[in-house]
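Asker: So the chains spell out like this:
Number of protein chains: 4
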Amino acid sequence: MNDLLQIIGDRGRALVDWRRPRRPSGRALGELADLLLSVPGEASGVARARELLDGYRALDYAGRTSFFRLLVETYSADRSDLGGAAARFLEDPSEVNAKAILRSAEPRRLELFRRLNFAPGGTADLVAMRLDLLERLPNHPEFWTLDDDLKTLFQSWFNRGFLLLRRIDWQTSAAVLEKIIKYEAVHAIHDWDDLRRRIDLPDRRLYAFFHPRLGDDPLIFVEVALTGDIPSAIQPILDRDRTPIEPGAATTAVFYSISNCQKGLQGISFGNFLIKQVVEDLQREFRDLKTFVTLSPVPGFAGWLERERSAEVSSVLPAETRPVLDRLDEDGWWQDAAARDELSRVLPQVAAWYLTRARDRRGRLADPVARFHLGNGARLERVNFAGDLSPKALRTAHGMMVNYLYRLPDIEKNHEAFVNDRKVAASSAVTKLARGLPAPKALVPSDA
Amino acid sequence: MNDLLQIIGDRGRALVDWRRPRRPSGRALGELADLLLSVPGEASGVARARELLDGYRALDYAGRTSFFRLLVETYSADRSDLGGAAARFLEDPSEVNAKAILRSAEPRRLELFRRLNFAPGGTADLVAMRLDLLERLPNHPEFWTLDDDLKTLFQSWFNRGFLLLRRIDWQTSAAVLEKIIKYEAVHAIHDWDDLRRRIDLPDRRLYAFFHPRLGDDPLIFVEVALTGDIPSAIQPILDRDRTPIEPGAATTAVFYSISNCQKGLQGISFGNFLIKQVVEDLQREFRDLKTFVTLSPVPGFAGWLERERSAEVSSVLPAETRPVLDRLDEDGWWQDAAARDELSRVLPQVAAWYLTRARDRRGRLADPVARFHLGNGARLERVNFAGDLSPKALRTAHGMMVNYLYRLPDIEKNHEAFVNDRKVAASSAVTKLARGLPAPKALVPSDA
Amino acid sequence: MNDLLQIIGDRGRALVDWRRPRRPSGRALGELADLLLSVPGEASGVARARELLDGYRALDYAGRTSFFRLLVETYSADRSDLGGAAARFLEDPSEVNAKAILRSAEPRRLELFRRLNFAPGGTADLVAMRLDLLERLPNHPEFWTLDDDLKTLFQSWFNRGFLLLRRIDWQTSAAVLEKIIKYEAVHAIHDWDDLRRRIDLPDRRLYAFFHPRLGDDPLIFVEVALTGDIPSAIQPILDRDRTPIEPGAATTAVFYSISNCQKGLQGISFGNFLIKQVVEDLQREFRDLKTFVTLSPVPGFAGWLERERSAEVSSVLPAETRPVLDRLDEDGWWQDAAARDELSRVLPQVAAWYLTRARDRRGRLADPVARFHLGNGARLERVNFAGDLSPKALRTAHGMMVNYLYRLPDIEKNHEAFVNDRKVAASSAVTKLARGLPAPKALVPSDA
Amino acid sequence: MNDLLQIIGDRGRALVDWRRPRRPSGRALGELADLLLSVPGEASGVARARELLDGYRALDYAGRTSFFRLLVETYSADRSDLGGAAARFLEDPSEVNAKAILRSAEPRRLELFRRLNFAPGGTADLVAMRLDLLERLPNHPEFWTLDDDLKTLFQSWFNRGFLLLRRIDWQTSAAVLEKIIKYEAVHAIHDWDDLRRRIDLPDRRLYAFFHPRLGDDPLIFVEVALTGDIPSAIQPILDRDRTPIEPGAATTAVFYSISNCQKGLQGISFGNFLIKQVVEDLQREFRDLKTFVTLSPVPGFAGWLERERSAEVSSVLPAETRPVLDRLDEDGWWQDAAARDELSRVLPQVAAWYLTRARDRRGRLADPVARFHLGNGARLERVNFAGDLSPKALRTAHGMMVNYLYRLPDIEKNHEAFVNDRKVAASSAVTKLARGLPAPKALVPSDA
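Line by line, the protein sequences are chains A, B, C and D. With my numbering applied, the first sequence closes on residue 433, and no number is skipped along the way. With my numbering applied, the second sequence closes on residue 433, and no number is skipped along the way. With my numbering applied, the third sequence closes on residue 433, and no number is skipped along the way. With my numbering applied, the fourth sequence closes on residue 433, and no number is skipped along the way.
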């Protein structure tokens, strides 16, 4: 090992050239990793971390997989150390022995990741590395422990306290704006003019969280429309020819699009903080704003409904709704006045049922967007028939949209009830709609 | 608990007023801490964290001690959970069981600290909290585990990757500059004119590390003089009437003062990164710079020498040096030409011995400044008699100063040899000086 | 007057509302102008200036014309004062009397414009006002004196010393970038991707002059390509699929597009300063850059050639070139190999003649772009056949392009020779080409 | 000339070295000036302007005087041109001929100054040049015309529209702050702690005007105290141990110090704009602020009173006041309760008379500070006995201070009355005080 160290030390920058031709294998990176871990407080760690990350980047798909395997196999906690510590603790459960266990239980790769972060741009590289990892997880379930480590690390580094809220507008640099265009995941931004309509009109806002280490790359952003009432459809919001209103005259702030930007930060939650902060900032700026509400998609609805309809016996759908729901199979039903009329009486009931009662195998609310907003303490305020007639929304939600209402005084109560008692906060209108369908018998394992 | 939650939720900002009169006890804060920990993904954590930190600040000395006791007693890892996990691991040392141990072993207060960091200004408050803790450690050794947790946390948050290097000059805001004046710990900055001479002359530089979350408050800084040779005394560097040199003509960069700013970050090391980075930046700016060297104090020398001289038998000091060293006891010896002459022949030898061989009980090099620079990979280049005749330097080092040399190609090798083999890198001149004294027989337990 | 003042003073902001419905006539603004001029050092001038400028904006086309007429008729120098001062000076040509003339000769509107500039945004409004004026000049030649005053004022305010050079890149705000897209006058920027290729590739640069008072609105900008040689055609420069080169390896900086942005600043010259400054900045950044050259259009060529060809006798075009030049009348001649081949032997000669010898009625070089670069001290280096086959360039220049070379040591000499002796600096190749055509006999009045 | 041009052109940067040893005479600079003027649109003017300004700086006192003489003698308007233009205008007073006069009457040095401004830092150099000029004016009254030109130029360049208001606080750079310390002209700032008390306490503000071209060098600044009532003495404002008040609770903003920074801009007025702008900004920030008032010195009072007292017959001072006023001659009268008591009944009357009625030879109000604030439209609200017992204030004003009140609705009216009718706006209390003294008979030539 010392010899290798010598070589690297002597050749200095030569290393960079060496790396390029030979395309390092996962194993060679392991040697670099050993070096990086070997010498505790060493300043040259910055250069070495950069080296290892560049080496990682130069690997192909298989090479990266090998590197992950190496991390799992070689950089876990030392089992015999940990066994010893566990035995000592069982004998004498003192604080000293408890701490000794903690130390022995920490996988060595965690310290490796911390040192890789020394490198300029290291954080971004590690976030990208987790993305590579997530892609491999389905085929390599044994990598779960590595993913667990990266997630733990990111939860510490991307602590709410380190995030910066910035308003994005037409004064923002093109470098940031093009990322907004790229990351928008709900209602696609078609071009720079479309973007401009969302950030440079007096009644439109866009806010994003940034992390000091990721520079111009946002973590998450939310788009806001200031309006005179709670909207029931997205097209008027996005309409390119609409006339903006005076923002001081608005009574309602509509969160009509929330997009996570960094797939490598999956599972690290920022959205609740973002919404809460934006609500506070808007309230300070516009005293007449009274209502904070979303206009949200229902991404799981069509899939769920298809399963219910294809089930021999559905505990949810009354027999008399079946023929009406069959009209959904007709091409362009939304342009047929009769179909639209019939469905408008049934679909909202079914959607209300789905949103408030349907649960997945783990007993969680089935719709991920509902889960997010209700988990944040919002209330399910209204379901909107034909709220979004774009192909994507027709395909995934038969055009349904939902308003979730954020009432600050109720947020904590709602959140508690949702987390602790699995109670869904919903307006009486929505509750009534859902009751229009017969109560299910035993739809999901543990549903009340 | 839920009731209390209700109360707090309802009363909202009222809480703030409630806190002021009643001066919360450590216990009451514990209830707030429970609340903060109780509800996982909750955005209102920001306000609650602020509340708890404000409550903490309002506590008096005893109150804070109680709070620390609470954290130690109540927010440690659950012993029975940990015991169970340890037993399961011993039975089946799988990765799943290893990770379960890790999870059970983490003290609950770590998560509490992470949530306190949600609050605006939370990081600074937590650093201040550790300072309170460090003050109590001597009388409350049982708090060690709490200190261990905070240190772990800070090591993650103050990772080199998150630090920003900034040059401090006369364009810097007064808010930052007054902190530099306050934090300078080696050669006190007397007033703004003194500061100006250190940052606003062409041959002087000051660089500091900042953390995005601590704003204008620096972590550590280094003062640099650009010179034509390696200086042997500090007064010419600080002289108020000296003529600056053209920086482009300098061959040598002298690090003549390094100060840590945040006592609450004790034990988190930045200095090595700072020096290395500044060397790189200076090299890029001034191509003719060849030598990077410190002019450093020897803070432990006088204390160590006093102990040696008062020992009945010193294994270090030859008998013939005793009468010469006794002249150090004469008031104003440095103004007496004869005393100065005699001492100038002996003191450097003794200092060289002290710096290269004297070790503390834990076997570490005795002088903390030597330990820092040698640990960074520098070489002990020269000892300077009468290098600093200020009262403080006379008292702590009999006026001796030292140059440590940073040669980039040797740093890694020196560092390795120091850490692994406890070898001290020294110039031949210094080595020779140290040999002028007889080798000690068995000065410290394990010294070679 | 005092009464009116009173009314305005009392009603304060009411004025604003009053202005909107009644659409102020030019005459009413005249009263505001009197007020603005009436009270010398008065701070309320800021509000009053804003009022007048808002009033002006609210005027329709005829209203603005009336306002200009008012300025010309009523706010000129007082003729009888000036007559008195002139008479006194003729009697006693002292410095006092000379200065008195200067004072009497200044039109009162100049002071009015200075006070209008007090208003926030006043400078931009005055620049816009001159644009209105320039539109009316052809039909109202009597407004020339007003234009002369605004130009004098702008020459003082837009002094080179007050301009800021900024590099425009992908970090620049969208608000600035969209102006670049809008103002590009030579090679249209089609969309944001096209813009990006001009500012966000390593071998492309864009620099603009800004004025502190006009904020994000540029005055003029130049687009630069770093290349390995002097280009002879524009398409390879703008090619969307080209591979960028390493800028450090470039030997040549090509100014391939220069656009003035503010029509209201017509006649105020910035371009020469911009090019000179950019040359200096690029030289500092890239030491291997040796050649600074333009790739320029020849906007007047086709028009001039048409006149020559349609003239019964051309003193320029030899009879034998006529049939070849007639091929230019064929649709798509540039796609016909034969036509292209024939023309490639004649057109460059004719263009070289045009660029170096053709003059307008005022005796100035006929081509405005040639006039600009040669007036700046550049040398006409090369004429390029089929340099730009875009419809616009085919229409205005039969596809010809030109390189003007900026050699710093020659700039002053060339400039002098051009201004004082009307000598055109041209490479020997171009000179030779031009000589391929017979010297004209008496083409323009005073041509040598 | 052309030869010289050649030499300079060829030698390029050599010029700089050449200038240093030989210390250019005013005459040599004249040649540079000719060059600068000779070539109209030339970009190399930037370098040449820098050269001339550097040359000017290198001149000694006599050299600069020679340069000014040169400018007066050689760069005035051409008398014979002007004579011709004047004659033509008298014959035919057309707009064309009027404009021709204007052009001929402009001294050539004005264009020279405009070109000198091309140089980096040119504006600051020209402001410094005027300072040199002002110093020479008393001995060289013939330079008045040059001063007149520079003033005209600066009035255009330092137009209100180009000034930037910035709040100065503890976040401001030391480079700016040290200038504030240096420029404070009313109540000296003793050190950085004193400065800090004026900018870093919640109830203290400091605002300054900057010009984009002068960078960090302010033009004028005003210090503001937020208080609960109109203060009658300065010491409580400056007291180092006072307790700040909550700024939101303040009812009154006190302008207690206004300092012009640039002597070279003498006669260009910014103060009125500054006060008005600060009033507006404070009103927007603190809605409860009702009163805007100064606490001002009376710099001409003691001098004026001495003249009155030493006059054989004073038309102002009633005989019975004489013995009381004689007590002012006693050392330390303000520490003698009896003297203080007596004077407190007479001095305010005399001061009120002085401030409202005493006029200088040109018929202007005698006190310059009164002239400034009353000219801005303020009202003389109160005279304060023993308002400032510092040595300077005792020497110049026998300790008197004054409050001028800025009431926005009255400012315009007051200003008009003052400028047009020479009416002094004063509170009834001050008016009454002034009447306590007999009306003067014929104090100044034209006083009503």
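Honestly, I wouldn't trust all of these hints.
Result set (DSS-like, lysine-lysine): computed pairs, CA atoms no more than 30 Å apart in a straight line [unchecked claim]:
no., chain 1, residue 1, chain 2, residue 2
1, C, Lys136, A, Lys164
2, B, Lys164, D, Lys167
3, B, Lys164, D, Lys136
4, D, Lys136, C, Lys136
5, A, Lys377, A, Lys248
6, C, Lys167, A, Lys167
Some chain D residues close to chain C (C-beta under 8 Å, calculated; not the full set) [to be verified]:
no., residue
7, Ala43
8, Ala47
9, Gly48
10, Arg64
11, Leu75
12, Glu80
13, Ile86
14, Phe147
15, Gly200
It is worth saying that the hints were derived from the structure and are not from the lab. Please read these numbers as outputs of a predicted model, since none were measured by experiment. Positions of the beta carbon are idealized from the N, C-alpha and C atoms, including for glycine.
Asker: Keeping to a limit of 30 Å between CA atoms, is the pair of Lys164 (chain B) and Lys167 (chain D) held or broken?
Answerer: Roughly 23 Å separates the two Cα atoms, so the pair holds.
Asker: Regarding the pair Lys164 (chain B) and Lys136 (chain D), is the alpha-carbon distance no greater than 30 Å?
Answerer: With a Cα-Cα distance of about 43 Å, the restraint between Lys164 (chain B) and Lys136 (chain D) is violated, given a limit of 30 Å.
Asker: Can you verify the interface hint for Glu80 (chain D): is its Cβ closer than 8 Å to any Cβ in chain C?
Answerer: Interface hint status for Glu80 (chain D): holds (5 Å vs cutoff 8 Å).
Asker: Against chain C, run the beta carbon of Ala47 (chain D) and see if the smallest gap drops under 8 Å.
Answerer: At 23 Å from the nearest chain C Cβ, Ala47 (chain D) fails the 8 Å test, so the hint is violated.
Asker: Any CB of chain C closer than 8 Å to the CB of Ala43 (chain D)?
Answerer: The hint is violated - Ala43 (chain D) has no Cβ within 8 Å of chain C, the shortest such distance being about 21 Å.
Asker: Taking only the CA atoms, is the gap from Lys136 (chain C) to Lys164 (chain A) under or equal to 30 Å?
Answerer: Not satisfied, since the Cα-Cα distance of roughly 43 Å exceeds 30 Å.
Asker: Can we keep the Phe147 (chain D) interface hint, with Cβ of chain C closer than 8 Å?
Answerer: Nearest chain C Cβ about 6 Å off; hint holds.
Asker: Tell me if Arg64 (chain D) is really an interface residue toward chain C, meaning its C-beta lies closer than 8 Å to one of theirs.
Answerer: It holds, given that the least Cβ distance between Arg64 (chain D) and chain C is near 5 Å, below 8 Å.
Asker: Minimum Cβ distance from Gly200 (chain D) to chain C below 8 Å?
Answerer: 12 Å, violated
Asker: Going by Cβ atoms only, is Gly48 (chain D) closer than 8 Å to chain C?
Answerer: 23 Å, violated
Asker: Does Ile86 (chain D) meet its interface restraint, that is, does its C-beta lie within less than 8 Å of any C-beta in chain C?
Answerer: Holds, because the Cβ-Cβ distance from Ile86 (chain D) to chain C comes to roughly 5 Å (cut-off 8 Å).
Asker: CA of Lys167 (chain C) to CA of Lys167 (chain A), is that 30 Å or under?
Answerer: With Cα atoms ~24 Å apart, Lys167 (chain C) and Lys167 (chain A) stay inside 30 Å; holds.
Against the hints set out earlier in the document, violations occur for numbers 1, 3, 7, 8, 9 and 15.
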